[in-house]
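**Q** Given next are the chains, with one letter for each unit.
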Amino acid sequence: MTNRLSVTRKVKGATAALLLSSIASSAVAQDAIRVISHRQPALEYYTQQMIDALPEGRVSVELMPIDKQLELASITMSAESDAIDVLYLNDSSFRRFASNGWLEPIDDLWEKYQDEYDLDDFPQSVIDAVSFDGKIYAMPILTNTELFFYRKDLLEDAGVAPPQTMEEYMALAAQLDSARMAGTIMSLKPVDAALNEAHWYINAIGDGWFDANWKPIFNNAAGVEAITKLKEMSEYAPRGFTAHANDESTINLQQGLAAMGLQWFTRAAAMDNPEQSRVVGQIDWVAPPGGGARVANDGFAISAFSSADREEMFKMMAEAASKESMQEGAKYAMPPRLSVLENADLAQQYRWYPAARAALESGKAFPAMPDFNDVGEIVTRHILRAVTGEAEVQEALDQAAAETEELLASRGYYN
Amino acid sequence: MAPLTIQQATKSFGGVQVLHGVTIDIDDGEFVVLVGPSGCGKSTLLRLIAGLEDITSGGILIDGKDVSRLHPKDRDIAMVFQSYALYPHMTVAENMGFSLRMRGAKSDEQRRKVGQAAGILDLDALLDRYPRQLSGGQRQRVAMGRAIVRDPKVFLFDEPLSNLDAKLRVQMRSEIRTLHKKLKTTIVYVTHDQIEAMTMADKIVVMRGGHVEQIGSPMTLYDAPANVFVAGFIGSPAMNLLKGRIGADAQSFDLDAGGALQFTSALDARPGQSVILGIRPEDVTLSDNGSPATVKLIEPTGADLHVNLDVAGSDITAVFHERLSLKEGQEVSLELPADCVHLFDAETETRLSA
Amino acid sequence: MVRWQRGLWLFFLPSFGLLALVLLWPLSYAVYLSFFDYYLGSGERTFIGLGNYVDLLTEARLWNSMRTTIIIAFGSVAVEFLVGFALALALYRLHGSAKVFSVLLFLPHIVTPVVAALFLKWMLASNWGFVDATLLTFNIEPPDWLGDPVWAKVSVILADAWVFTPLVMMVLYAALQGLDTSLLEAAQIDGASSWNTLRHVIVPALIPAIIFVISIRLMDVFRFFDLIYVLTGGGPGTATETITIYTYQLGFRMLEVGKASALGVITLIVVAMLLLTINRGLNKAYRGGDR
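Chains as they are written, first to last, in numbering that gives the first Met the number 0: chain B, 0 to 414; chain Y, 0 to 353; chain L, 0 to 290.
Worth flagging that the hints you see were computed from the coordinates, not collected in a lab.
It should be emphasised that the depicted structure is a prediction, and the values quoted were computed from it without experimental measurement.
Keep in mind that the hints are not guaranteed to be accurate.
One side of the interface only, derived from the structure: several residues of chain B facing chain L at Cβ under 10 Å [stated by the list, open to error]:
hint	residue
1	Pro-40
2	Glu-70
3	Ile-377
Think about it this way: if two alpha-carbon atoms lie no more than 16 Å apart in a straight line, the pair counts; the simulated EDC-like pairs of lysine to aspartate or glutamate are [as the list claims (entries may be wrong)]:
hint	chain 1	residue 1	chain 2	residue 2
4	B	Lys-230	L	Asp-147
5	L	Lys-152	B	Glu-310
6	Y	Lys-152	Y	Asp-73
Chain L side only, calculated, beta carbon under 7 Å to chain B, not exhaustive [said to hold, decoys possible]:
hint	residue
7	Leu-39
8	Gly-40
9	Asp-143
10	Gly-146
11	Thr-196
12	Leu-197
13	Pro-235
14	Gly-236
15	Thr-237
16	Gly-250
17	Arg-252
Where a beta carbon is used, it is the ideal one built from N, C-alpha and C, also for glycine.
Kindly produce the complete structure, drawing on both the sequences and the hints.
**A** Shown next, in the form of structure tokens:
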């Protein structure tokens, strides 16, 4: 009799303990600031800075590919949930989120901590890039440009200089294309990667995306020529390029599976990483031939529906964006801070800085509209149809333009 | 039409031996019935002849040719199944003509042969019906028609009448007999019903436990069963079998269960010999000075009277063809004619040689 | 109506209530939303009547996705049926211990489709995937399994077949068990070859089971989502974009909830019509078959 009693008591005690601990842990979990971010080397560094800025366990970070991150954020914010506190945004997605009222303005905190964190160090153009409708919504964390990566050893063997125009790029890619190594990388995974790659062609060969009234012009003669060139170039791309984003293309370069191509500044350091790369010291950089490649200003913003403490979150982001942090971070991305950017040592320390400065001059940001990502959903699908041969280039682009106009009309662009 | 010889056929399923060296000679045109209790191996033997099972050892010869390794379709046999096995989605005509179609026969040849078989079995009106629209008896005839179309050397029947009601069974028995007379093809027929065996067969093969117990004509098996099993199997109601010892004067019989029986004359055995005594119910008569018995149960069938009697502690069944007014519990006196008695050795259970 | 029967409808209420909550309410809300132009980002709804439906039905992309859905649906079911039937027949012939293989054959179906899709994606990844790596060692240049518009469709069809063939196999195998063996023996004696036995005896007897399994697979595969989403995301371009993937794009990527709801309603109508047609076909087959 006594044995049975003690067993039931033990079972009850164990269950109670389990329940309590689960409640306790969930309470603790709710307390931590939840940060979500795109996963690339620079952001791995900066989110780590955020974790280090606050006491242990106060910050939890989730890294994932950018399309997934934006999707998660969109769904969470549209449901007005407090599941996300701080999120990474680039210039195009940032505008969309701000105009939807999903972000928390931080002007007051910016003024309060101006001196403590030396926030004057950010140039006005950068602050403008993270402002919408007159209010500041994000802490700028990096400026990113697309660079042209190439294998300088292979070019030297061929006796060729790095390409200056798109024609030279195409000829070179064709020349170096072989069974073992693709002539060029190509990142055509919808939406973000494909949009970046297409943006370059549309600007370098085409006339751009929109006219002054936001009517699509990418299906004009120049635009068709641009995408046709993209399609022709894809013959020298590694197999599976329609699913390649920045990660896959970086690996292709690192493993010597491709000879050149367009990739982000933030991936440059990875080329010399002896643990991952087989081409250490063999990659060099120039500004993308023909110009018009993407320039982006990225930052972290606070969700309007977050239930965490505003000041604490701001301080976390400001710490991560501090001068010291950006000094380190200059290896992975161009720091927006003037004091760091103008440091002459950078050019000596990091081989790709001269090319990056040149790319900043010739590059072009995405059209300044909140809905460009949604336009991207439409356009990238149709560009892929054209590139894979499912549809003719003119027809695919016309269809894309029609759907884009319909979308923008419904969002009130032509009123 | 061909002679069929089964030589020392054995069949094992894995470690279990089901047929133990069965040998049967069947003449051309004979109607042979394989009969026996469930599990005696008769269906297995039939399937061996058909080729639906592989023979483990021994031979099967049809018309002198060893077919034991041949595919069923090459053995020139036809089989009528217990469940008729008619193709449900084909008409009667298509069912019957299926084997011809498989052989690649032209459609007018098919129509001719099917028409012939239909004529023999009176199926002309049903040729366009589907099996589900037919009665049991009609389906059975279609199954037979399908077999006839093949014009085989041997017909095999696997308990074809078991699914029919009693009245229909009687009718079909005579139909099959008539068919046999008309076609004169060798038939091997399996059944567990000894009445079917008795009424239809030229030759009966009684099987038990994978062995052949006795082969012979119906009357031979009835009049001279080779052992106790055959004696008790053939004949309905079954033969009365009593264990005991021949009395000192060879006219009486001491039952093991106690008591004694008196016979009209001397029994054909040594006094004191241990035997199993068999006497058929229809051979038992009432007389004034025979063995005393008590009536236990009376079953009138209309045509005869089946009576269960208690004789000196043992049960005996008697069948009387006259209307008698007997009452249960009544004391009567039974006459047991010695010439109707069958004697079997108590240990081997085989018939005592005369 | 007998008096005691009147109160019986009260027993309906709990399950009906649950059904209404989980099924009817979301469904009616979706139908309601389909009449609005509703972009989740702005949070405004404007009533536009049948505007969404008109837009969708006059859109090239919708008809494209219908075509893709039909190709993938019928392709998948065809592969599943043929392979599943062949496997069921093979299993039927096996004896005793060999039947252990039937468990192994059923494993792909037990795995969650999403996990199966992830696994297949790794197998088919270009250059480093299992399939490509193997082919490359033999110096065969493999096609872009997931990136070529035609091969992507093939990969999706094969992926679905991989997951669902065991189900088809099981249903047909169970139906085979109910087959009268004496029919097969009669056919053997009649001289039918294996192929003829299959054609004249086995398939006619299995027609109800065959129709059943084809119709449920067709209905399911029309609403196919998780495998395609993981394998190709509807790509490349729109090569494997079925109606359901397009609905997902509209609803969760472009946040056009009104239009997505309208497409959902259209899908419902299409599948319902398919169901009715199959049902009618089934009835006819049953009445014409046996019993």
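**Q** Now tell me, hint by hint, if it's right for this structure.
**A** Hint check:
1. Pro-40: violated, 21 Å
2. Glu-70: Interface hint status for B:Glu-70: holds (6 Å vs cutoff 10 Å).
3. Ile-377: With a minimum Cβ separation of about 8 Å from chain L (threshold 10 Å), the hint on B:Ile-377 holds.
4. B:Lys-230 - L:Asp-147: Holds, because 13 Å separates the two Cα atoms, which is no more than 16 Å.
5. L:Lys-152 - B:Glu-310: violated, 51 Å
6. Y:Lys-152 - Y:Asp-73: The given pair, whose Cα atoms are some 11 Å apart, holds under the 16 Å limit.
7. Leu-39: Holds, about 4 Å.
8. Gly-40: holds, 4 Å
9. Asp-143: holds, 5 Å
10. Gly-146: At 4 Å from the nearest chain B Cβ, L:Gly-146 passes the 7 Å test, so the hint holds.
11. Thr-196: violated, 45 Å
12. Leu-197: Check failed: Cβ of L:Leu-197 comes no nearer than 39 Å to chain B, outside 7 Å.
13. Pro-235: holds, 4 Å
14. Gly-236: holds, 3 Å
15. Thr-237: holds, 5 Å
16. Gly-250: violated, 10 Å
17. Arg-252: Check passed: Cβ of L:Arg-252 comes within 5 Å of chain B, closer than 7 Å.
Hint compliance for this structure: hints 1, 5, 11, 12 and 16 are not met, and every other hint is.
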